[in-house]
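**Student:** Residue-level listing of the chains:
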Amino acid sequence: MSLIATLARLEAVTTGRARPTATVRHRHLSERPLVFVPLTTAGEAGAPLGALVGTDRDAPRLLVVAQPRDRDLRFAFLAELADIVLPYIDSHADAVEAAERSETDPETGKRVKVEVELCSDAPQLIVPSRAGVEYVRLLGRSMRFRRTAEQDPETPYPAPPRVPLLGRWLTHFGERSRVPGSSLLLALTEVLGRHWATGQSSLEDQHLGALLAWIAPPEGATGAEAALRAELARDGRGQLLCPPAGPATDPAFDNKLLAPAIERYDRARTALAAAEDGLQADDRLGELTAAERAIRELVLSRTLPTWEKVWQGLDLLRELPEGAHVEERWTRDRWSFTGHRDRVVAGEPPQPRRDDAVTAANKLATREREQGRLDAQEALDDPLVMAGRRLAGEAFTGEVVDVVMAYSEGKRPSPRPLVTVRTDDRPHLGERAKVFRSLGAKPQAAEFVRRDGPDAADGPEEECLLVLRIVDKMGRGKEPEEGSVPEKGDRVCFTLFEQEQRGGAKLPDPEDTPWTHGGPPGEPVPETADSVTEEDTL
Amino acid sequence: MPPPRKRGTALRQRLADLRGPDVPAKALDARALAALAANPGCSRRALLDGAGVNKAALADALGSPSAFGQSQFALTRGNAFEAKVKADGGADLLRLVHEKLDPRAQPPTGASVPDLSAIGPEGRTARTALALREAGQAPGTWTLLDHPMLALDVAGSPAFLEPDAVVVHPDGTWSVVEIKSFPLLDGSADPAKVGAAARQAAVYVLALEAVAARLDPAPRVRHRVLLVCPKDFSNLPAASAVDIRKQRAVTHRQLARLTRIEEIADALPDGTCFSPELPPEQLTAAVEAVPAAYAPECLAACELAFHCRDRSRAAGTVTALGRTVRAELGGLTTVGDVLAAARGEAGDPDDPAVAALRRAARLREEALGAMCR
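These protein sequence lines are chains A and B, in that order.
According to the working numbering, the residues represented by the first sequence are 1 to 538, in order.
According to the working numbering, the residues represented by the second sequence are 1001 to 1373, in order.
Careful, some of the hints might be misleading.
[What the hints assert, rightly or not] Derived lysine to any residue pairs resembling SDA-like cross-links, with alpha carbons at most 20 Å apart:
(1) B:Lys1231 - A:Ala529
(2) A:Lys256 - B:Gln1070
(3) A:Lys506 - A:Thr108
None of these hints come from the bench; they were simulated from the model.
Just so it is clear, the structure is predicted and the values come from calculations on it, not from any experiment.
Build the full structure now, drawing on both the sequences and the hints.
**Tutor:** And the structure:
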């Protein structure tokens, strides 16, 4: 955390309200996001208890697994979830626009432009917290290798038809969320935490209720008081007034409310199975329905507060203007979405359990490149982020005090003007260090020539003069193009970091994986389904 | 050399007095030990744990109840999984130990599973030590100790530990087995949970080494433990060998430098007592008498964390915002000091931390001012 963010936290402590750490919104927010608030069963891996899901704030769909250890009920839940999520995804898959992509021509080996489709918008999934993102990944993993009866009539416990497909999509969302700056799947606590600093630690910020309490405390309360209430206040039955945002539930809820309700449900089900005649069965069915309804009520009572908080958080974020580069990053998300759509349509198999060496290296390279891009773009979009980089000596702003025209030596002299900038920032400039400024959304490079000062006689103690030589983006002529060289009196901002990311070295094709990395992966073997036993659960 | 008998008795009496009359001592589990080693600078926690004070009850009495609890679903599943792994005299478990830790030894058939039941933790510890010695006298066979009891000297008082299982290999070496109910998904598990399990196992290894040191020749305790988890989404056991040398070294060092409980206890005013039955003001004063080192990480490990957090916040300590925050502020430790220094009202401008703060404050003002324009 930079010192500037630390100061914001300390200010929040004394003012009792969260303080901004960004002046613009750095993540894309869809106009119609799909909000997903899942709950899981403690101790079981990938055994959902229920969820609230939907795109309409006033009409969430409640999905509940009355007995989370029952495989059939779990499949029914996943099938219902697929019926909500897949149409939402499909609604974005059809609207496309034409776009160009450069590809390597297989015959000539040259890079050529090809016309391809790009989805004009992409779906966006919002979960309350980081743990929610992990849960989406886990659900994706638990579903994508399942076999349906259609795929394999012999499979012992066939999954409902669309469940494996949902698994592949959730896996894709989960995988994409690991790319810095991506917005296909967002954890609300992380996005809020990016834009506000609270008066508590970042560990405590992972509690959505407490985080929102700091950002928008209720009338007449400080953030600290409201956050404490959100964390700890319990009702007469010992239940948290602000249930955890999940997917894990509060143990007190599990032990006092949920366990008896599930027990009642189990009893009712056993009784129904043992019914001897129709009349008795009717009675017992009534009891089973009542027991099921009780569990639904319980799950709703634990998810609805979180659901409302997620939308409240989205409202708060929407108040911030979108950063200038957010749209560009969202376009990358659209490419990612379109790519997976195409893989699904082409009938490719689900994502493997383990990536081969080349795919894994590519993924890592992408994440590194996107991290660099995100850092640079956030700084360019947001003076507050840039302030952090200036403090770290990675950028400086100042006033141009002198411009001297100069030319390169060579047959065709090109303009190489010397610009003197007065700044009170203290950038770490080495000899002939490259610096960049944003000129019409493109970076213009300059070279550090020398440092004059600090000039203690005329000005504040820390000012110094930096002489820079502009080296590009001035046109082809002898005289620089209009507006391509800063003028005396201009305020300029230069960065020491690259503003645009270059692709790294190209990796070999998977068939040419060197032996040091396991050699070529060979013919892809279809992934086997997970082993299942009579009882999945214990 | 063992400490003189008299001193041990005196300390035990002193700690019993701290707990209060007729309050039984709460046993230290390995998880508490591992967490203790994670915050070695906290005297409060060291003393309360060492004296066997029930911190959850103490937190309730102080009016800042802890939020720990275990869901009965998780508990049931954990127990059911352990029972499944250890079924058939531990055949499955020994197969995994053989495969993952000691594949060159003979396959485990007909391992002996000694009965370890005895009265009281001391009795069970002695029974375990005996079983380990006997297992060493029968080379070439596998022995499985199901829930043995081990004792470890922590800051001057014995802590009793109960590993899930300890296996004696045919070559006479010992290894620790940890059974957990989080899944091993495609060969990898949640790193935070594996880390916690490894720290816990490291404590068991240290305790076993203490037992081994009393035998002649001393058997080797293996530094690779076996972590057994459910495979993927099923209930089948899968296992992985975890190298705990690092955790063992860290825990060993931190346990050794734990401030001795005796010294902390001696610094307390006479008549200090942590009995939950005392009135809150008296308890608060008693707890305040022992210095604490609160950091947000405590929230996940210590029952008293909410109380300490309240105190820490009331004192305006910057560590309440995170250890990293504290690290970058130099000698400034309270919120008030830092803000005053940032505003230029206090602090030495030649201090690099103060100078950086002022620059940060100015840059922040400038950027926020630009937003308002």
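**Student:** Each hint should be assessed against the structure and marked as holding or not.
**Tutor:** Evaluation of the provided hints:
no.: 1; hint: B:Lys1231 - A:Ala529; result: 13 Å, holds
no.: 2; hint: A:Lys256 - B:Gln1070; result: 12 Å, holds
no.: 3; hint: A:Lys506 - A:Thr108; result: 18 Å, holds
Hint compliance for this structure: no hint is broken.
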